[in-house]
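> Protein chains in written order, with my numbering: chain A, 1 to 491; chain B, 1 to 507.
Please note that the accuracy of each hint is not assured.
[To be verified] Computed far set for chain B versus chain A, every beta-carbon distance over 12 Å: (1) Gln22; (2) Lys138; (3) Ala179; (4) Asp186; (5) Ser276; (6) Asp290; (7) Ile304; (8) Thr363; (9) Asn388; (10) Pro389; (11) Gly428; (12) Gly467; (13) Val477.
[Unchecked claim] Under 10 Å between C-beta atoms, here's a sample of chain B residues computed to sit facing chain A: (14) Pro72; (15) Gln107; (16) Tyr108; (17) Phe109; (18) Pro114; (19) Gly116; (20) Val163; (21) Leu300; (22) Arg303; (23) Ala307; (24) Glu311.
[Stated by the list, open to error] Only pairs whose alpha carbons sit at most 27 Å apart, straight line, appear in this in silico DSSO-like list of lysine-lysine: (25) Lys153/B with Lys344/A; (26) Lys262/A with Lys486/A; (27) Lys337/A with Lys153/B; (28) Lys94/A with Lys360/A; (29) Lys264/B with Lys192/B; (30) Lys236/B with Lys344/A; (31) Lys45/B with Lys236/A; (32) Lys260/A with Lys296/A; (33) Lys344/A with Lys285/B; (34) Lys88/A with Lys337/A; (35) Lys192/B with Lys349/A; (36) Lys356/B with Lys405/B; (37) Lys487/B with Lys405/B; (38) Lys192/B with Lys153/B.
Don't read these hints as lab results, they were simulated from the structure.
Yeah, the Cβ is synthetic: ideal placement off N, Cα and C, and Gly gets one too.
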Amino acid sequence: MTVNLTVKSIVEQIRAGSLTPTAVAEAYLQRTKNIAQKLNSHLHLDEAAALAEAKGSAQRIKEIGADRLPLAGVPILIKDNICVRGSKTTCGSKILENYVATYDATVIRRLRDAGAFVLGKLNMDEFAMGSSNENSAFGPVRNPWNLDYVPGGSSGGSAAAVAARLAPVALGSDTGGSIRQPASFCGIVGLKPTYGTVSRFGLVAFGSSLDQIGPLTCNVEDAAMVMDVLTGLDAKDSTSVQHPHAGFAKALASHSDGLKGKTVGIPEEFFDSGLDPEVGVCLERAIADVQKAGAKIKRVRLPNISYSVAAYYVIATAEASANLARFDGIRYGYRTKEAGVSLKELYRKTRSEGFGQEVKQRIMLGTFVLSSGYYDAFYAKANKVRELISRDFAAAFDSGVDVLLTPTSPTPPFKLGEKLSDPLAMYLSDICTIGVNLAGLPGISVPCGRTNAGLPVGMQLIAPKFNEQTLLIGAHAYERATEWHKDQPAI
Amino acid sequence: MNAPQNGTKTSRPSEAPVNKSQESTVLDRYEPVIGLEVHCQLKTKTKLFCGCSTSFGAMPNHNTCPICLGHPGVLPVLNREVVNFAIRFALAVEANIHEISVFARKQYFYPDLPKGYQITQFDLPYCTGGKMILASGKAVRLMRAHIEEDAGKNVHGDESSYVDLNRAGVPLIEIVSEADIRNPEDAADYLKRLRSLVRSLDICDGNLEEGSFRCDANISIRPRGQEKFGTRCEIKNLNSFRNIERAIKYEILRQADLLDHGEKVLQQTMLFDAASGKTQAMRSKEESHDYRYFPEPDLLPLRIDAARIEEQRKALPELPEAMARRFQEQHALSAYDAAVLTSDKDLANFYEAVVKRVDGAVTEKIVANWVTSEYLREANNRSWDFINPPITSDHLGELIELIGKGVISGRIAKTLFEEMAEKGPGNGPKAMVQEQGLVQVSDTSEIRGVINNVLDANPGQLAEYLGGRDKLFGFFVGQTMKVSGGKMNPQLVNDVLKELLDARRKG
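With the rest of the complex left out, here is chain B:
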C-alpha cells in the first residue's frame, strides 16, 4: 500500500548500530514475529486501467493519459492480462483463487495519487492462502494477495516539488504473508524466494532498485515462551535484501531495548534509513489514515472462472522448486548447487546452455562449479544480467571444454576468464589460447626436461627432500609450473616429478 509519508520524529534516542553479541543475547530472550508485505509490479505492456505503457525510465509524465492522470470524467477498464498474471502467481503458491473478488477505493490525499484514491482490493481479494517453503524447510503461510494500481512519484528538487505520474496506474499485486517468520535470515530468504518465483513466472522483473519489487515488514517481539504477540511496527522503504535484514535486526534490538527498560513498544510506521542503519518513526497509529475503503462503483466485481484458471495453469512455466529437483536429478548436482542455480530463472537457463555447449566434455558438476563460483562472482561484481551477458554461455562452454579436453589447465582457464571479464571475450577462449600460446604441455619428455632443470637449480631443497622432507614436493611442483608459465598439465607434472624424485632417492 502506498501510503503518504508524514513528518518524521524519533521514537527513542538512537543506539549504537547492531553488534553481534548484543543480537544473540536479545534473541535468547525474545522471539521476533515477522510478517512481510511485498508489492510486485506486474510486467504487462500496459497499465492496470488504461492503455498507457508501463515501461520504466521514460521522460517524466510521458506514459500518461487522461485516465491515469485522473482527469474529470474518466473511468477505469480492467486490463485482462493483469488478472492472468495474478492467477499465475496464485497457482504457483497454491492459494485459493476466488471466483468473485471486488475492487475498492482506498482514499487519501497525496500529489502522486491523481484520483485521491487508489483502486485496490480490500475485503474481497482475488486470492487468499497459499504458502512459500524456505531453505530451512519451514513453510511461510500467505494471508492473501490482491491486485492494485501503483501511485506516481514525487520528486523533490531545488525550491519546488514535482510529480511524475508515469508509474501511476502500473499494475501491482500485493502479497501479504502471515506473521510466520521468526528471524531476519528467514525474512530475507522468503523475499529472495518470492522474487525468484515471480521472475520464473515471468510476471515481474523483481528489480528492487527500480522499485518493481518492494517490501514492507511488520515486526513485533515477545519474550520466549509467551504466546501473545507483542505490539508491532511496520517498516517501510526497504530497497535491498541487505537492508531488509539490517532493518529487521535493528528494529528487533530497538524493541528489545524498549522492553528491557520497562517501556512500551508503540504501534508505529517506521522508515528505514540505509545510511545510519536505523529505523525512525514516521507516524503513529493515532496519526494513521482512515482510508475509507468502499467498493469501486466504476468496476464490476471481478469474476475468475475455472476455465480461465485452467488456461493459466497450462501457461505456467517450470517453477524454482521443481526446477531445483530436476537439476539435482538430471545434472547430478547437490541440493545446494541446484538451489543456487535455480534461484534465478535466467541464471538457470544460462547454466543449462553452458551444459549443452560443453556437451559432456566435463561433468555437469564442474560446469556448476564454474557457474556458481567464477561466473557468478564476476557477474555480481560487474552487474551482468544473465540474458545478454558479455561472456555468453558459448564463451564459458568453450573455455570449460578446453579444460575438459586437456588443452589448458584449470589455472590458465581462470586467468583467461578473468581477462575476458576485464577486457571482453574478444574472439573467444580458443582463439585466445592460440594467440597467447597457452596450450597445455602434455609431452612427458618436455616435462621431464623442465623438472630436471628445476631440481638441478635447487640443490639445497633437493638435498632436504632426499633427506626426508616430503613436504618439499609441493615446492618443486610450484617451481615447475612457474617456469612453464602454468601451461604444463598438472597431473603429468605430479607423476613425472614423483618418478624423477624417487629415482634420485634410490640413486
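If we strip away everything but chain A, and leave its shape as in the complex, we get:
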C-alpha cells in the first residue's frame, strides 16, 4: 500500500473493505521509521501502542460499522500538548519529560469514537511557545521541503509530519498562529477554529483565552471531515459552545462554486512594506485566482491590527504565567536533583532547570504585566486593544466582506538558527495570524505558491465567528482552482 492517502480515501477504502486499520497503521509506521528521524518530528512513536490503537479502531468498525464512523480507520498524529491517557505528554519540555497523561483529552475521545486512532505524538515548541519549532527541549523539527529550514511553530512536528505524509492528519494547537504558520511553511492546510468550537479539555494550556485545537491536513476536504468530529459542546470545557453551523464536509460537497459572488476582503495592513517580496508575488497571484473563481475583491482596513503583536504578548504571557505555575516539581514532572534545599529553592531550581529559555522569558513577562501597579498599564490595556481589534474585524465583515484574505506569514520559511538571536523578528512571524486569535475568529491557511528556492508559501482566509463553513467552502474553491496542494516534498 502507498501512503499517499487522504482522510477521505482511507475512509472510502475501509468502507469498501479493501483496507484495514492495521494495514493502514503498518504502512504509515513503515514510512515513519525512515523519515521521522530526519525531521525529528516525533517525540513518542510506540509501534506496539499504535498497532493496539489500530486494533481498537478495527473493533469499533466491527461493532458499529464503517459507514457510521466518519473517520473509520484514519490514523492521526497528536501534538504533544494534548493528553492521551497512558502516553507521555511532554509539551516539548524537560519539565514534563516523563509525565504520563492520566486521562484522555476530549478530542482524543471524539476521534476514537469516530473510528480514528492515535498513531503517535509529535514534537513542538516547548509549551507551544515559538514560531520555528526550535524551542523544543528535544531538538528542532526540520522542514521536509528542505532540512536546513524550520517547519514553523509551534505545531512544527504536526506540519512536518503531515507534509511528509507520515499521517493524513495531525492535531495541532493554535494560540497565535501555531497551526496556520507551520501549515503554511510546510505547504499543507491548517485550520484554527472559532474559539469555543473545539474542547480544550486535555490541551495543556498556554493562553487559555486564545488556545484552540485544530487539524493539519493535506487538503481542505480532509480538514472539513476532521472538523466535523472535533466540533462539539463539551461539558468539561466551560468555554466550549454548541457550534451553530456544523456539518462541514456536507457543506463542502453541496457548494462547488464556493467563491462565486463572494466578496473577499484584502486588509491593506498585511500587504505593506513588511511583506517578503516573494510572498507578495504569491499572494497577488492568489488574489487574481480568487477573482477568476468569481469572487469580488474589496480592499479593507484593520486600523488597530498593528497593535496585535503587542497586545498578544501581554495577554498570552499573562495567562501562561499562571497556567505554567502548576509545574513546580511537587506532584509530577521534573524536580531538581539537588537534595536538602528549602521549599523556595526547590521551586526556583526545579523551574530554572526544567523550563527552557523562551518559556522562562514569557513567564517573566507575564508575571510582570500582572504585577501590582502594572496591571492597568499592561493587562487591562491589552484587553482594550483586543476589543478594538475584534471591532475592526467585525467592521470589515459588516462592510459586506465574506472572508478576508491575507498572507499566513509575512516571510517564507527561514533557516534554522536564523532568527534565534532576534526574538522580536521571531514574534513578528505571527503578525498575520495573531489578530485572529485575539478576536476569536476562524482562520485557515492553504498553500498558494512556492519561493524560488522551492519553499512553500501559504495564504490565510479569515471568516466571522462560527463561519467555518464559509472558510472551508472558500478555501476548497481556491484549492480546486489551483494545484499547489498537490505538491509534495521529495523526502
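On the provided structure of chain A, position chain B as indicated by the hints.
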C-alpha cells in the same frame, strides 16, 4: 484566603498574658476597630470545579482527580449547587446579589495549591453589602462575600512533609465584614451568630475544629475620640470561639503597649498561638505576596438571574432571628431562652421535639429550663450532637412528663438524668423509676408518719423551733426528704410539716 505561611519572627518582646485590670484601662483609652473574614466550607456533595467528594476524614488524597490535582490540561467546571448555597447566604443577610460576577486567579506558590493559583472572586464578587445583628442590637455591616476553592493541607512529619489534597477544590464562601466591631465580645458574638446562620441555612456544618468554619481577624486600635483608623494587623489561625476572643484581647493589648511606648504598629500578618495565648508576626506588609489577580479565562462570568434568586428564596429555611421571635411568642419564652435555643438549629429542633413529646404536661418554659441547663450542660461536657444524641428528645420528654404528672420529684429527675447521661438511657426514665422504686410518695398519711418520726428523732431542734427559731423549718424538710430518699412530694412535705409543727406549737 489561604495564604502560605512564611517564617515567623517576633515583633515586640512578649508580655505577660492578659490581665483584667490592664485590659479595662487600655479600653478606657483606646477603641479597638475589628473586621472579620470568615471562610465557610459549603457542604455540597462535590467539589467546586470537579466531581470529587467533599467528605471529611477520607484517606489522604483519596478524594482527588486530575482536575483538583492540577494535572496538565484540565479545566474547571462550576458546581451549580455551590452557587445556590451562596445565593441562600446572600439572601439571609440581605446582601445585594450581582447579576454578573467574575472568577479570578489568585497566584502564589505553595505545595497545597496544586495549580499555583486559587480560583476565587476578586473585584467582582457575587454579592456585596448585607448585615448581621448582634445580641447587643448593634448591626455589623458586611462588605462582601465571594465564592472560592479551598486549598489542600500540608502535613509535616518525621523528616518529610506531605501534601493531602482531599480538601483542594472544596467550595468556600469567604464572608468579609466591615470594620464595624468595637470589642472582642462582639467579635465572638458576630461569629457565633454567623455560624448559627450558615448552619440554619444548611449550607455549612460550622465545625471550627475540622476547619469548615475558619476566621481571620483584622484589628487596629485608635485613641478614644480619634476618627482616623490605626494601622491594622491580621490574625490568622483562630480555631475556636474562645481563642478568637483571647487572640483579639491579646492583640489589642500588644498594640496599646506599642503605642504607649511611642512605637508604631506595623502592618503585619500575625499567627495566634493558643498554647501561649500570644500573637506572633508571620510576615510584614513588605513581605506580603503580590497575588497578581486576573480574570479566570477558563470560566465564563457567573450570571445569577432573578428567577434563580427567587427559587432559592423559596428554599430558605426559617432563620435564627425569625425562629427566636417565634419561640418567644409560640412557646412563651424569654428573649434569652429563645436566643439560646435558636442559636443552633439542631438544638432548636431538639427543644421543639421535647415540647411535642411532653404535650402540655409541663409548661414550655420548664422544658426550656431543662434543655438550656441540664441537657445543654451534659451535651457540652460530653460532646453530644443534637441530631443523634444518646439521650433523645423522647427520653427527655418522658422524664419531664414524669415530673409534670407528679410521679417523681424534680430532684429525683435530675439524679435520674445524670445517671442516664453517665450510663446511657437504658429502657428509659419510666422503666428506671419503676425498677428503682423512685415513684414519688404523695400519700399524706405516709408523709405524716415520716415527719412525726423526724420530729421525734430531733427533740433539740424541735424545742428550738417551737421556741421561735423559724429557720429550722428547712432543716426538718431536709431531714424528711433524706429519710424518704427524696421520693416524697416536696409540696406535700411542706404542707404537712407546717400543719404538724403548728399543731405542736399550739399543743
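> Next, verify each hint and record whether it holds.
Now for the hints, and whether the structure bears them out:
no.: 1; hint: Gln22; result: holds (39 Å)
no.: 2; hint: Lys138; result: holds (35 Å)
no.: 3; hint: Ala179; result: holds (22 Å)
no.: 4; hint: Asp186; result: holds (33 Å)
no.: 5; hint: Ser276; result: holds (26 Å)
no.: 6; hint: Asp290; result: violated (5 Å)
no.: 7; hint: Ile304; result: holds (16 Å)
no.: 8; hint: Thr363; result: holds (57 Å)
no.: 9; hint: Asn388; result: holds (38 Å)
no.: 10; hint: Pro389; result: holds (42 Å)
no.: 11; hint: Gly428; result: holds (53 Å)
no.: 12; hint: Gly467; result: holds (86 Å)
no.: 13; hint: Val477; result: holds (72 Å)
no.: 14; hint: Pro72; result: holds (4 Å)
no.: 15; hint: Gln107; result: holds (6 Å)
no.: 16; hint: Tyr108; result: holds (9 Å)
no.: 17; hint: Phe109; result: holds (5 Å)
no.: 18; hint: Pro114; result: holds (6 Å)
no.: 19; hint: Gly116; result: holds (2 Å)
no.: 20; hint: Val163; result: holds (7 Å)
no.: 21; hint: Leu300; result: holds (6 Å)
no.: 22; hint: Arg303; result: violated (12 Å)
no.: 23; hint: Ala307; result: violated (21 Å)
no.: 24; hint: Glu311; result: violated (22 Å)
no.: 25; hint: Lys153/B with Lys344/A; result: holds (18 Å)
no.: 26; hint: Lys262/A with Lys486/A; result: holds (25 Å)
no.: 27; hint: Lys337/A with Lys153/B; result: holds (25 Å)
no.: 28; hint: Lys94/A with Lys360/A; result: holds (13 Å)
no.: 29; hint: Lys264/B with Lys192/B; result: violated (32 Å)
no.: 30; hint: Lys236/B with Lys344/A; result: holds (22 Å)
no.: 31; hint: Lys45/B with Lys236/A; result: holds (18 Å)
no.: 32; hint: Lys260/A with Lys296/A; result: holds (8 Å)
no.: 33; hint: Lys344/A with Lys285/B; result: holds (19 Å)
no.: 34; hint: Lys88/A with Lys337/A; result: holds (21 Å)
no.: 35; hint: Lys192/B with Lys349/A; result: violated (46 Å)
no.: 36; hint: Lys356/B with Lys405/B; result: holds (16 Å)
no.: 37; hint: Lys487/B with Lys405/B; result: holds (14 Å)
no.: 38; hint: Lys192/B with Lys153/B; result: holds (25 Å)
Violated hints, listed in ascending order, are 6, 22, 23, 24, 29 and 35; each of the other numbered hints is respected by the structure.
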